[in-house]
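Please put together the full structure from these sequences, using the hints given.
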Amino acid sequence: LHHLPDMKTPVILQAEPGVIGKLLKCRKFWCQMELGGTRAWIRRSAIFGALATEQF
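Numbering (this note's numbering), first residue to last: 95 to 150.
A couple of the hints might just be wrong.
Unchecked claim - Below, in silico cross-link-like pairs of lysine-lysine (DSS-like), each with a Cα-Cα straight-line distance of 30 Å or less:
#, residue 1, residue 2
1, K116, K102
2, K102, K119
3, K102, K122
Just so you know, these hints were derived from the structure itself, not from any lab.
Take a look at the structure:
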C-alpha cells in the first residue's frame with residue numbers, strides 16, 4: 095500500500111494475502127484503506143472481490 099494514490103510514491107505498508115482492512119474511500123483506480131491504524135492507498139485492482147465498476 096502506498097502513501098498516496100500514485101505508484102511513484104513510497105510503499106508504506108505491505109499486507110499479507112487474506113488480511114482484512116477498513117475501506118475508507120475509493121477513486122477511479124485507487125482505494126484508501128486503514129490497516130492496523132495506518133492509512134494507505136491500494137490499487138483498486140488489488141482488492142479481492144472489488145469490481146472495476148463497483149461503487150464504494
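Would the hint linking K102 and K119 be met if the CA-CA limit is 30 Å?
holds (20 Å)
Under the criterion that the straight-line Cα-Cα distance not exceed 30 Å, is the pair K102, K122 satisfied?
Holds, at roughly 17 Å.
Does the structure keep K116 and K102 at a Cα separation of 30 Å or less?
Judged against 30 Å, a Cα distance of about 23 Å means the pair holds.
Violated hints are absent here; each numbered hint is respected by the structure.
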